[in-house]
Amino acid sequence: MVRLTAFICLVAALLTLGCNGARETDEVTFVVSVGIDAAPGGQVNVTYRVVKPSATGGEGGKGSSEASQAITITAPSLAVARDLLNSQVARAPSLSHVKVFVIGEELARKGLGEAIGPLPRFREFRGSMYIHIVDGTTAEKVIRANKPVVEKLPTRWVEGTMGSAGETGYYLRTFLHDFLVRLKAGSGSPYAALVGINSGTGEARLSGQPAAGEKTGEYLAGGIGTRGGNPVQMIGTALFRGDKLVGKLTSEETRMLAMLTGDFRRGYITIQDPLQSKSGVNIHLRPGRRPKIDVDIVDGQMIIGIDIMLEGEVTSIASGINYENPEYNQKLEEQISAVVRADMAKMLRYTQQVGSDPADIGKYLRPRFRTYEEFRRFDFTAKYETAQVDVKVSTQVRRTALMQKTSPIRDRH
Amino acid sequence: MSYQPGRMGVAEGIGLTFVVMLPRVFLTSPAVTISSVHNLAWTAPLINWVVTLAVFWLLAKSTVHMGSDLYDVSRRLLGRPGAWVLALSYAALFILDAASLLRQFAENTLLTALPAAEFRLIIFWYILFAAVLVYFGIEGIARAAYLVMPFIVGGVAAVVLLLAPFYDVYRLFPWQGAGLWTAARRGLELAGLNFGVLLLLVLAPSFQKPSTIMTAAFFGGGVSALLRTLVILFFLLAFGVGVGMEKMLPFFEMSRLVYLSRYVQRIEALFIVIWVITGLLAIAINIFAALYLVARPLGLPSLRPLVPVIAMIVVNLAVIPSDIGAVVAADTRLVVLLSAGVYGGPLLLSAMAYRKGRRKKPWSA
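Chains A and B are the protein sequences, given in the same order. Just so you know, we're using this note's numbering here: the first sequence kicks off at 567 and counts up by one. Just so you know, we're using this note's numbering here: the second sequence kicks off at 17 and counts up by one.
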């Protein structure tokens, strides 16, 4: 009996070494980004960025253009496109290392339910992948144009930009998980970071005028005036109603959204000098606390109360006026609050117009319902569109960086 | 191997109870609960654990002075035919539980880890290892269960903590979910998830003292119920009801979603090991319990010759459902059937013990 037991254990140990049904890495092609565009006849153009393992590993790693390649396939679905990819790359395609889904604007406007709704069913996709929406062009063009300067691989560029979203608040980190949860939740609307291609001429395309008292212009993806570097830019937010793209938030509006969702960590704002309007004052802003949002229904109308508290650090005073002085400091704080309040109100008005609630303000009403059925029957979008919004912003300029006062410049006119 | 399982203490009892009650938290069960109870689904494991513990305590209290196992107690209270029916019914439930777990763990291994593997091969490996474990006896399984317990608790806690960036407390609202009545009813219906705790009474003489059994039930089952509660609660916080009820494997989805930075992500492979070990041990424990309950009324001197037979029966039962949808539906019905086992036998035996005690009183007086 002991011999039999030992035999069974030995055989089992020998046969279970390694993995049954697994694949060696040199039998697999890893796809790192997927672009999806609308194609004629109800088809989709699927663009895969495929990495070449030999070009990315070790000291002999090559540049991004050589380390990966973009392949576009026209197919009736993502699943068929994946199978067709296999016919071209000679290895079994694996989508388990996909970092981002880039969706063309045309397809996004038609609705993403059919394109990305089924994704969570497939084991190679995970919620921690990102989703980006292309502004004004196709996903294929963005994937092909993406030539990171600092990073070796486009995936590193995606992870880097998404990871540093909190540095400015000009775009938001948008996981596929959050997008899908919003698609099926009873409140809130999906949103995604906006990407676009810059012309490279150095000419800026402003997408909105600064609020009164502000000096910073507003941009959408591809609109920042640059020469050189990666032509692909990420800035702004794509707004959805259900699964359809219905609008876009500019850089400043996106920052306001970040303040509401609690994703804003820090960022610079240039405001008009309250005492000398031609000059600007640079403030490094950060949240003073989590935003307070109260939502109520009064006589059938949704009333939204928003209370934002910001903290600032003066990093530049072009006019030389002594804003370190408490009397002037208060004027500065009022100016910042007024600018942010105006930007916030403008952003919220726009989201109401397009019927999209990216800040998920509706969720603050959830505790008012007793049961899930009751909650699902409530028409949040209709209530949100006609809601009355009161925004309160207060700012405390707490620091003046490394200067405690500004001495005048001699002979300056 | 005699049918006598040997001597075990509190640690072994806790390990056995914990592992045999836990595996469905790694399967579709949390999503099925969310489908029916919605936002209040997290209370279901607590409700059914409290009720199960009460029933268990009642039975243990009324029969523990008899100092014998479930079959012996049934024989004294129900007579030999009654004890036969009860023992074989519970053996059947343990076998069905083992079969359902075997099929689900095999399917999910195919789904999550080895998509290109042959299904029959996976099910063969599972049952082979479970049979080998049973062959070595319940003491070894119990000690292995106790050893892996901290890793399972630590693993679940790690996933729950690492998912913190995805939580939104508003997803727990509306707090009544599908309604308080539905939550209470489903909570009671799902007592079958705690069916394994009866193992302590099946093997009662091995634990020597009534206090050992109660301590093992309280802590082993309690930690298991707490983990099930936490997994559903935090799953709801991360996914909400709408998406939560869609998922086939909620815990796997949770571990797959972990993303702290480019360096802390894609950690689900670590947790596949945890749930495979839990599943294997639970299948083995169920098979052992069934063997024991078959061997006792038949008066068999050893369980070992029956191991391959029961293993074959378990495999054959496991492959009956034609597809994964049928497997999940069958398991949902099985849990309700196991609930009948949790309530039925113990309440019947408690009532009989009470009746017998009342009858005896005039005699003793």
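Treat the hints with caution; some may be incorrect.
[As the list claims (entries may be wrong)] Straight-line Cα separation of at most 25 angstroms, DSS-like style, residue types lysine-lysine; simulated pairs:
| hint | chain 1 | residue 1 | chain 2 | residue 2 |
| --- | --- | --- | --- | --- |
| 1 | A | Lys858 | A | Lys810 |
| 2 | A | Lys897 | A | Lys781 |
| 3 | A | Lys676 | A | Lys781 |
| 4 | B | Lys263 | A | Lys750 |
| 5 | A | Lys810 | B | Lys263 |
| 6 | A | Lys949 | A | Lys858 |
[As the list claims (entries may be wrong)] Which residues of chain A face chain B? A few of them, derived with a C-beta cut under 8 angstroms, are:
| hint | residue |
| --- | --- |
| 7 | Ile574 |
| 8 | Phe688 |
| 9 | Glu725 |
| 10 | Gly729 |
| 11 | Ala751 |
| 12 | Arg771 |
| 13 | Gly774 |
| 14 | Leu841 |
| 15 | Lys844 |
| 16 | Ser845 |
| 17 | Arg855 |
| 18 | Lys929 |
| 19 | Thr937 |
| 20 | Tyr938 |
| 21 | Arg943 |
Since the hints were derived computationally from the structure, they do not count as laboratory data. Where a beta carbon is used, it is the ideal one built from N, C-alpha and C, also for glycine.
Evaluation of the provided hints:
Distance check on the hinted pair: A/Lys858 and A/Lys810 sit about 29 angstroms apart at the alpha-carbon level, beyond 25 angstroms; violated. Taken as a hint, the A/Lys897 and A/Lys781 pair is honoured in the structure, with Cα atoms around 17 angstroms apart against an allowance of 25 angstroms. This hinted pair does not check out: A/Lys676 and A/Lys781 have alpha carbons roughly 36 angstroms apart, beyond 25 angstroms. Straight-line distance between C-alpha atoms of B/Lys263 and A/Lys750 comes to about 13 angstroms, which keeps the hinted pair within the 25 angstroms bound.
With a CA separation close to 24 angstroms, the supplied pair A/Lys810 and B/Lys263 stays within the 25 angstroms bound. With a C-alpha separation of about 20 angstroms, the suggested pair A/Lys949 and A/Lys858 falls inside the 25 angstroms cut-off, and the hint holds. A hinted interface residue such as A/Ile574 counts as satisfied when its beta carbon comes closer than 8 angstroms to some beta carbon of chain B; here the least separation is about 6 angstroms, so the hint holds. Because the closest C-beta pair between A/Phe688 and chain B is about 10 angstroms apart, greater than 8 angstroms, the hint is violated.
The beta carbon of A/Glu725 comes within 5 angstroms of a beta carbon in chain B, closer than 8 angstroms, and the hint placing it at the interface holds. Interface hint status for A/Gly729: upheld, as the beta-carbon distance to the closest one in chain B is roughly 7 angstroms, under 8 angstroms. At about 5 angstroms, the closest approach between the beta carbon of A/Ala751 and any beta carbon in chain B falls short of 8 angstroms, and the interface hint on this residue holds. With 8 angstroms as the threshold, the beta carbon of A/Arg771 stays out of range of chain B, its nearest partner Cβ sitting at about 32 angstroms, so the hint is violated.
Contact between A/Gly774 and chain B, as hinted, is not supported at the beta carbon level, the nearest pair being about 30 angstroms apart and thus beyond 8 angstroms. Given the 8 angstroms rule on beta carbons, the hint for A/Leu841 is violated: about 42 angstroms separates it from the nearest Cβ of chain B. Taking 8 angstroms as the C-beta cut-off, the interface hint given for A/Lys844 is violated, the closest approach to chain B being about 43 angstroms. Because the smallest distance between the Cβ of A/Ser845 and any Cβ of chain B comes to about 40 angstroms, over 8 angstroms, the interface hint for this residue is violated.
Annotation: A/Arg855 was flagged as interfacial toward chain B, and the flag is violated, the nearest CB pair being 17 angstroms apart, outside 8 angstroms. Interface restraint check for A/Lys929: the shortest CB-CB distance to chain B comes to about 4 angstroms, inside 8 angstroms, so the restraint holds. Hint on A/Thr937 holds. Least Cβ distance to chain B is approximately 5 angstroms, under the 8 angstroms limit. At about 4 angstroms, the closest approach between the beta carbon of A/Tyr938 and any beta carbon in chain B falls short of 8 angstroms, and the interface hint on this residue holds.
Annotation: interface hint on A/Arg943 violated; nearest CB of chain B at approximately 11 angstroms, more than 8 angstroms.
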